[in-house]
Amino acid sequence: MDTGTDRVVALVDMDCFYVQVEQRINPELKAKPCVVAQYKTWKGGGIIAVSYEARAFGVTKNMWADDAKKLCPDLQVARVRESHGKADLTCYREASSEVLEVMSRFAVIERASIDEAYMDLTASVKQRLDILVDKPIAIEGLMSTFVEGYPQASEEEEEEEEEEKVEDATAPKDALRIQGLSQWMDSLPPTSQRTNADLQLAVGAVIIEEMRAAVEKDTGFRCSAGISHNKVLAKLACGLNKPNRQTILPLSSVPQLFNGLPISKIRHLGGKLGISISETLNVDNIGELSKFPLEHLVEKFGMKTGPWLYNLCRGIEFEPVKPRQLPKSIGCSKNFPGKTSLDTKEKVQYWLQQLSLELEERLTKDRDENGRIAKLLTVAVKQAGETKTGGFSRCCTLARYDAERISTDSLALIKSLNCAGNHQQAWSPPFTLLHLSASKFMDAATSLSGGITGFLKSDIAPTQQKPFLSSQVPNGSTTQQPGKRPGEIMSFFQNASKRTRQCHAEPPEGAASTELNNQHEKGEDKKPGEIMSFFQSASKRIRQGHAEPPEDTATELNDQHEKGEDKKTGEIMSFFQNASKRIRQGHAERPEDTATELNDQHEKGEDKSEDGEDDRIDSHSTIAEQVVQTVLPLKTQDCSPTTIQTDGSTHTIIPDDPCSSATSQADATIHTITHGGPCASSERSPAFTFAPEDYIRCDSCGQEVLAWEMPEHTDYHFAQDLQTSWSSSLPSSSQVPANISKANTSDGNSQCKTVQASRRKSATSRTPAKMKKPAGKGVSIDHFFKKS
DNA sequence: ACGGTTATAACT
DNA sequence: TAGTTATAA
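The first sequence begins at 0 in numbering that gives the first Met the number 0 and counts up one residue at a time.
For the record, the hints were derived by calculation from the structure and aren't laboratory data.
Wrong hints could be hidden among the right ones.
Each computed BS3-like pair below joins lysine-lysine, with the alpha-carbon atoms no more than 25 Å apart [stated by the list, open to error]: (1) Lys-241 to Lys-264; (2) Lys-327 to Lys-364; (3) Lys-85 to Lys-414; (4) Lys-85 to Lys-264; (5) Lys-346 to Lys-414; (6) Lys-172 to Lys-68; (7) Lys-364 to Lys-85; (8) Lys-68 to Lys-85; (9) Lys-68 to Lys-39; (10) Lys-42 to Lys-60; (11) Lys-42 to Lys-346; (12) Lys-264 to Lys-299.
This one's a predicted model, so the numbers in the text were calculated from it and none came from an experiment.
From just these sequences and the hints, can you work out the full model?
Spelled out as structure tokens, the structure:
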């Protein structure tokens, strides 16, 4: 029978992690009763971590700091930092990364939470046994290790165990530890018996001792650990001797331990399932579960849980340690309890903006550090009076890392929840929770090459393009994906360049004539080399390990552009090769072509949801966007909104929004020349008319664009997106956004337009947040393309 | 008014 | 399938 003892699995848990982080920042707090609390106004703030000294006073997590002070008057209270008006856990996440980094030197790890990680030590143990040859395992290598179930009480001692134990405190505890450890080690076979389960646990424990020592040395943080054959046992073991200790749990000690261990102590059984088990089977501890036949458990708890329980109560479990150091989603949320609930649209918008700002910051950092891009945005809310778990959530494609965009998309996703109606200032029922999160990460390089493939495709068959639907989220595997072969990337550039050249070669007569076109023509012909220079500067930054650029990114780019007139593509290639290498290493997975898949989906046709309302938003994700987001973690000056005239109505234009009906100069160009075209408003009188077959729908913004203008149009998306990636938008100062979307309507298919409209408006109040811009004339992307 | 997050199984 | 909800930590 498979008892799953072939693996060595450890769970490492940082001791009161947040407290340790605060103590490292402020050493005054060390060795004192100390808690970390967030917020202050309500009862002194809620406690989220408690030092062991404070626990001795009965202070616990989820207690109000004011109440804790009553139990422990000398309690030190560290506060969670706040930014964007909410608790900000950044420093704990960073500390967590430090720790995981160290742990990864010893084995593959699975990040279980901010302060916990599982490790599969099986391979490391085998390796160590090779080194160990025939030498015995030294007890000195296990100085903080307990062995659960040891020392084993002898027959005679069993009666008196009560009296003996209660006597002293700490000193004898270690004596007992050593006694148990020695006893167990004496029973181990020689290290030549490499496959012995307990021997492997012992070696695993030695490795974990070393690992924990390294963590403390390199980060200053202490932790506890459990070492056993599976995740459940490791987790259980970890909790047996905290803090700053580790515990081996041999399978042979499981029956004793489980006999009398409440079901709720087992991972996954701490909640309703655990209760339902004890009620259904009328049992109290896990050990008792072993009395039930498999069939019975399956009947009661299903095909998945039944067998799991059957094995589990025998100490057997097979859940693998998933190799994953990074979180699979990045999110932020804030509660608005009781009277603080959000009861006006302005409050909702304001807080969505705050959350969006944090999300953008974190996503951008994540992209820079981890080379991946989230593709799905989820917004969740809870309304006053709702049950604990009850909530509402909707999602859409996360097209760009842009706080403003995230914010407006989020609002669009939830605005149907406002019973007061969209035009009212009131919001009811009020929200008691807002949550934003980004997930479905795609590897940056894959995203890039996938986009390129799509780009190529559109190169060949530019018609037939349908707007990118929000529901069509790229289906990346949950982890990273391998990069494309450089050859493909190369061919992309060759094709793209060729096409760019061609298009600029002969624009049809009379097709372009506006101010915007003029302006465009003023600039030199865009050569592929110029686009390349963007990639070069970007790739350089990436190779350098870039953070934020100092500031004068624009200048830098210009310089580079000017002198790098004709750089070879070789350098660009090396960037992409680098990128794909980074991807490939460490992550093996999935071979299929995302772009193809996406295109297939396109062709499959429209939104499949047809019933009633659909809050989803068109994404308009472009290849260029993906490229930009992948390669350019840069920020630069923002652009001033521009204003153009379109048949009498004045539009304020957000320069970085290719979705707006009138956006950049490029878009404006299109706007003008497509007067009377398929996508022009019916009330406008055509200035030029072209046959319907002259138009292609822009995959990015959905507009019908004249075929020969498409390359330019695409380039402009690209350019705008570059800018978007540099400027990071949103006023952090503006208390209440002036950008209330009044444009809205209930007409079903104008969801995207509504969003656009509100975004357009909001640009008016847009102020430079992270990057100041010179007052007056904005620096448009053209700036980079032109020699001034 | 038990916060802010993250993960995963179940459900639809 | 993909998206939403429930549950757990």
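25 Å Cα cutoff - pair Lys-172, Lys-68: Given that 25 Å is the threshold and the Cα spacing comes to 31 Å, the pair is violated.
Restraint check for Lys-364 with Lys-85, where alpha carbons must lie at most 25 Å apart: Holds, at about 19 Å.
Satisfaction of hint between Lys-346 and Lys-42, Cα-Cα up to 25 Å: Distance ~24 Å between Lys-42 and Lys-346 Cα, so the pair holds.
Lys-68 paired with Lys-85 [C-alpha distance capped at 25 Å]: holds (24 Å)
Given pair status - Lys-39, Lys-68, alpha carbons within 25 Å: Measuring from Cα to Cα gives roughly 13 Å; hence the hint holds.
Proposed proximity, Lys-60 with Lys-42 (alpha carbon, max 25 Å): holds (14 Å)
Pair hint Lys-346 and Lys-414, alpha-carbon separation not exceeding 25 Å: holds (13 Å)
25 Å Cα cutoff - pair Lys-264, Lys-299: holds (21 Å)
25 Å Cα cutoff - pair Lys-241, Lys-264: Holds, at about 15 Å.
Satisfaction of hint between Lys-414 and Lys-85, Cα-Cα up to 25 Å: The hint holds at about 22 Å.
Pair hint Lys-85 and Lys-264, alpha-carbon separation not exceeding 25 Å: violated (33 Å)
Restraint status (C-alpha distance of Lys-327 to Lys-364 at most 25 Å): holds (15 Å)
Of the numbered hints given earlier, the model fails hints 4, 6; all others are met.
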